[in-house]
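Number of protein chains: 2
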Amino acid sequence: MLSAQSDVQVDTPEVRVTEWRLAPGSATGRHVHEMDYVIVPVTAGEMTIVAPSGERSKAQLAVGKSYFRKAGVEHDVLNETSSEIVFLEVELKP
Amino acid sequence: MLSAQSDVQVDTPEVRVTEWRLAPGSATGRHVHEMDYVIVPVTAGEMTIVAPSGERSKAQLAVGKSYFRKAGVEHDVLNETSSEIVFLEVELKP
Chain A
74 MLSAQSDVQV DTPEVRVTEW RLAPGSATGR HVHEMDYVIV PVTAGEMTIV APSGERSKAQ
134 LAVGKSYFRK AGVEHDVLNE TSSEIVFLEV ELKP
Chain B
74 MLSAQSDVQV DTPEVRVTEW RLAPGSATGR HVHEMDYVIV PVTAGEMTIV APSGERSKAQ
134 LAVGKSYFRK AGVEHDVLNE TSSEIVFLEV ELKP
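From first to last, the protein sequence lines are chains A and B. With the working numbering applied, the first sequence corresponds to residues 74 to 167, in that order. With the working numbering applied, the second sequence corresponds to residues 74 to 167, in that order.
Honestly, the hints are just simulated from the structure, not real lab data. Mixed in with the good hints there might be a few duds.
For identical chains, the list gives no copy identity; a pair is met inside one copy or between any two copies.
[Claimed, not checked] Calculated lysine to aspartate or glutamate pairs in the EDC-like style (CA-CA distance at most 20 Å, straight line):
1. K143 x E162
2. K143 x E107
3. K166 x E147
4. K166 x D84
Keep in mind it's a predicted model, so treat the numbers as computed, not measured.
Based on the provided sequences and hints, a complete structural model is requested.
Given below as structure tokens:
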């Protein structure tokens with residue numbers, strides 16, 4: 074599977090901001106969020122979330138509509154649509 | 074002068090995310106940033122920044138290109154263009 078592309082925009086003692094670009098058919102790979110984080114969608118889109126159990130769910134992204142998650146989340150994130158998905162991940166350093 | 078519109082999207086013990094919408098001719102009003110913050114532009118645009126001294130400068134926003142600032146910044150932010158400017162402010166709670 075194609076790998077999502079990431080670009081670190083900000084990396085300070087307080088925060089790290091990473092831009093993620095998921096081409097159609099790509100995935101981030103399974104990962105654990107080590108820090109609390111905010112997602113800011115840059116594009117609209119539908120992500121496929123795969124839990125460690127293998128359970129699949131869909132998550133809708135709307136441009137500029139952010140959401141917060143606590144550290145500890147583990148998942149893979151896939152783009153099974155025909156459009157690129159772009160979002161920023163803002164990780165809050167402890 | 075018109076007032077910028079704000080909408081709090083996330084407010085947890087860790088972080089607050091506020092969407093700011095600056096119509097043409099509007100301003101946030103002079104304010105002090107009490108927390109470190111990240112700005113995520115949702116639109117492109119040019120902001121006019123007015124320092125407490127009255128000095129004016131321009132800041133270019135590019136969609137999805139974030140930047141970080143430490144607490145303590147004091148300024149007014151104006152939209153002197155003919156297009157709406159939208160960005161998210163992600164404030165890091167101490």
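Hints, verified against the model:
1. K143 x E162: both (13 Å within a copy, 19 Å between copies)
2. K143 x E107: within (9 Å within a copy, 23 Å between copies)
3. K166 x E147: Only inside one copy: K166 and E147 sit 18 Å apart there, 24 Å across copies, limit 20 Å.
4. K166 x D84: So K166 and D84 pass the 20 Å test inside a copy (10 Å) and across (17 Å) alike.
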